[in-house]
Amino acid sequence: MKLSIAGWLFVAPALLAILVFFVVPVAAALLMSATDFDIYALADLHNVRFIGLDNYLQLLQRPLFWRALENTLFFVVVGVPLSIAVSLGSALLLNSRLAWFRGFYRTALFAPVVTTLAAVAVVWVFLLHTRYGLLNYALSWFGLHPVDWLGDPHWAMPAIVLLSVWKNFGYNMIILLAGLQAIPGDLYEAAQLDGAGAGATFWHVTVPALAPVLLMVSILTMAGHFQIFAEPYVMTQGGPAEHTVTVLYLMYEDGFKWWSLGSASSVAFVLFLFMLAFSFMQTRLTRAGST
Amino acid sequence: MKSGVTDARSWSRRGFFRAMAGLCVSACARTDGQVLRFWAMGREGEVATVLLRAFERENPGLAVRVEQLPWSAAHEKLLTAFAGDATPDVAQMGNTWLPEFVALHALEPLDQSIRGSPIDLTDYDAGILDTNVVEGRQYGVPWYVDTRVLFYRRDLLAKAGYSAAPRDWDEWTRMLVAIKDEVGPERYAILLPLNEYEPMVALWLQQGEPLLRDGGRYGNFRSPGFERTLRFYLSMYERHLAPPVSHNEIANVWNEFARGYFSFYISGPWQMGEFKRRLPAELQPAWMTAPLPGPQGPGASIAGGSSLAIFRRSRSKEAALKLVEFLSRPQVQQEFYRLTGDLPARRSAWTDPSLAQDPHARAFRDQLERVRPVPKVPEWERIATELMLVMEKVVRGDLPVRGVAEELDARADRILAKRRWMLDRRAQG
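Protein chains in written order, with my numbering: chain P, 24 to 314; chain Z, 5 to 433.
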């Protein structure tokens, strides 16, 4: 009994912090999402009306919300596998005994992660420029027409994916590299003795041994991708024609640009539900795959 | 060794008490005034510190603490300061923000105090002064002014056969077509970025009808004036006079202007300094400014700029008014112009030789005689943003032109719903 009190006392500071900085704000946001809290409410709380689920119902009727959801899902469905594939590929290259200057490349490939997005965006706007961009110049070698990356509604989101993969793959690469280095060498030796080729070794030794790390990386990457905001914010401000407005961007505009905090809170909770469902599916899928 | 430690500790304790005392001085400033808190943005904030040295010399015992806010965060910071009961005594405010802060009851009405002060309101442009008047009361004093005019390439216009800037829409259109014929399919005559609403709003203001109707209760997009503006604006893209691009695709406006990618551009006074700094030397004689052409003869433009406002919760309002008076003096306004390049709000300050002799500033002086405020409701910026988004979709072919006015009115009315409820409730008492 006494021991349990002592235990509670020890965790009390942490619990208090979680209560004050997490539970209370989330509860307040949930309450707010049932009101029309806005700039007028800031002046006088009598201007707040309790409107129940109206924010959620209105959100579901808003074409921009569905557009934002579509954009976000595109970013998740295309961006997450691409980002992990690039991370894994570069981790494998860095882990290879044949590679030279591994320390240098490890730093160089990690550099985009630690550079400021605002500065990166300036460079990328020029890389993606329709008339002087390096990317379109490279495309012209193959006889392809220049693409209006940031101006064409169909290409803006792929351009954002490209930037995001380049900016973020280094982070997962380091985690996967650590995972690769933790795989015991004798497994590879055994595979070699059994006469396994490079492909078979990869699929039957590297991937299963790396599976827990890959699961963690994919959940974290997915959660991060659902919350995409900074890239469209600095590159396109949601344009062209709202084709890079994401769910979080919508929430930011509603909440902090227009101060419709009620409807912004409802966006936050809808996004939360989506992420919850996806993480649940992901763990289910991997559990089904491993048994 | 040991004594050093105690020394440091007692010093830091002393420092702590001193800091607390300092907090009290600023928080407990009485009406006689000791420390005034003044919030200003960007470059204006930097310059204010220099300007206010003379003010502090004039008013011994009155210190001004200038806090600089970055423009990008200023609006949010002012709102959170209001919510957190930490508003300054005086703040620089974008003219278009005033209605919002008036709706919050955050600002002190200044009608009476100005009447008894040396601030001469007849020395301001009517359109600019109007932006500071919300529901019949004055809530700010214009500090510097800003409006949109034409920036154009004289050399390219001359090549197309014209020697002077256009004065009405027909003449303007003829010039744009002539330039387009001259520069070919790869280049354009005018830049109207798809992620800017100001040019179109300026052209709409020229029609002389309200942009919102019934006292800001409903949108007024289904009006003949908007119809004319819409048709004129869209024709720029349809006839390939303007490229269908946003700033993101342009990347660098000054490079493109120098290359002749476009010859006309609608922008504000800050662009004068940028053009002087960023355009190559051989192009300097080639660019000029001109007032906006209107449907028939010289047209109106947007009344912009920043004002000085005093917060209702300030406990040093008299001292705050002294500060506003000081910054509104013509000599101080002239010095402010020399330091920042911001155009002075006092008309008499324009006699400053460097301003009076600047050929590029002349168009602004002329335009300021014909500026009109945008609707003075907190929701206006959001409505204008919807206008911009809808126009972008129309230009990019995502939305048909037919029904645009109905769609915009529907969006505006939805945004104004809360305002209507507030007004109705107030009318009922």
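Calculated from the structure, these hints are not laboratory results. It is possible that part of the hints are untrue.
[Unchecked claim] Subject to a maximum C-alpha distance of 16 Å in a straight line, what follows is the list of computed EDC-like cross-link-like pairs (lysine to aspartate or glutamate):
hint, chain 1, residue 1, chain 2, residue 2
1, Z, K422, Z, D218
2, Z, K422, P, D175
3, Z, K397, P, D77
4, Z, K81, Z, E71
5, Z, K280, Z, D362
6, Z, K163, Z, D185
7, Z, K397, Z, E200
8, Z, K326, Z, D124
9, Z, K422, P, D67
10, P, K280, Z, E80
11, P, K280, Z, E385
12, Z, K397, Z, E410
13, Z, K321, Z, D159
14, Z, K326, Z, E112
15, Z, K326, Z, E60
16, P, K280, Z, E390
17, Z, K184, Z, E200
18, Z, K326, Z, E62
Consistency of the hints with the structure:
Proposed proximity of K422/Z and D218/Z is supported: the alpha carbons are some 15 Å apart, at most 16 Å. About 36 Å separates the Cα atoms of K422/Z and D175/P, which puts this hinted pair outside 16 Å; it is violated. For the hint pairing K397/Z with D77/P, the CA-to-CA distance comes to about 28 Å; that exceeds 16 Å, so the pair is violated. Under the criterion of a C-alpha separation no larger than 16 Å, the hint pairing K81/Z with E71/Z is consistent with the structure, at around 12 Å.
For the suggested pair K280/Z and D362/Z, the alpha carbons sit about 12 Å apart, so the restraint of at most 16 Å is met. Between K163/Z and D185/Z the CA atoms are separated by roughly 11 Å; this keeps the pair inside 16 Å, and the hint holds. Among the hinted pairs, K397/Z with E200/Z is consistent with the structure: their alpha-carbon atoms are about 13 Å apart, no more than 16 Å. Of the supplied pair hints, the one linking K326/Z and D124/Z holds, its CA atoms being roughly 14 Å apart against a limit of 16 Å.
For the hint linking K422/Z to D67/P, the alpha-carbon distance of about 14 Å falls within 16 Å, and the restraint holds. Under the criterion of a C-alpha separation no larger than 16 Å, the hint pairing K280/P with E80/Z is consistent with the structure, at around 8 Å. Between the alpha carbons of K280/P and E385/Z the distance comes to roughly 10 Å, so the proposed pair stays at or under 16 Å and holds. At roughly 15 Å between alpha-carbon atoms, K397/Z and E410/Z fall within 16 Å of each other, so this suggested pair holds.
Simply put, K321/Z and D159/Z have alpha-carbon atoms about 53 Å apart, too far for the 16 Å limit, and the pair is violated. A threshold of 16 Å between alpha carbons decides the hint, and for K326/Z with E112/Z the separation of about 14 Å falls inside it, so the pair holds. Restraint check for K326/Z and E60/Z: satisfied, since their Cα atoms lie roughly 11 Å apart, inside the 16 Å limit. Of the pairs offered as hints, the one joining K280/P and E390/Z holds, with about 13 Å between alpha carbons and a cut-off of 16 Å not exceeded.
Between K184/Z and E200/Z, the direct Cα distance comes to roughly 22 Å. Violation of the 16 Å bound is thereby established for this hinted pair. Taking the CA atoms of K326/Z and E62/Z, the gap is about 11 Å. The hint holds against a cut of 16 Å.
Checked against the numbered hints given earlier, this structure breaks hints 2, 3, 13, 17; the rest are met.
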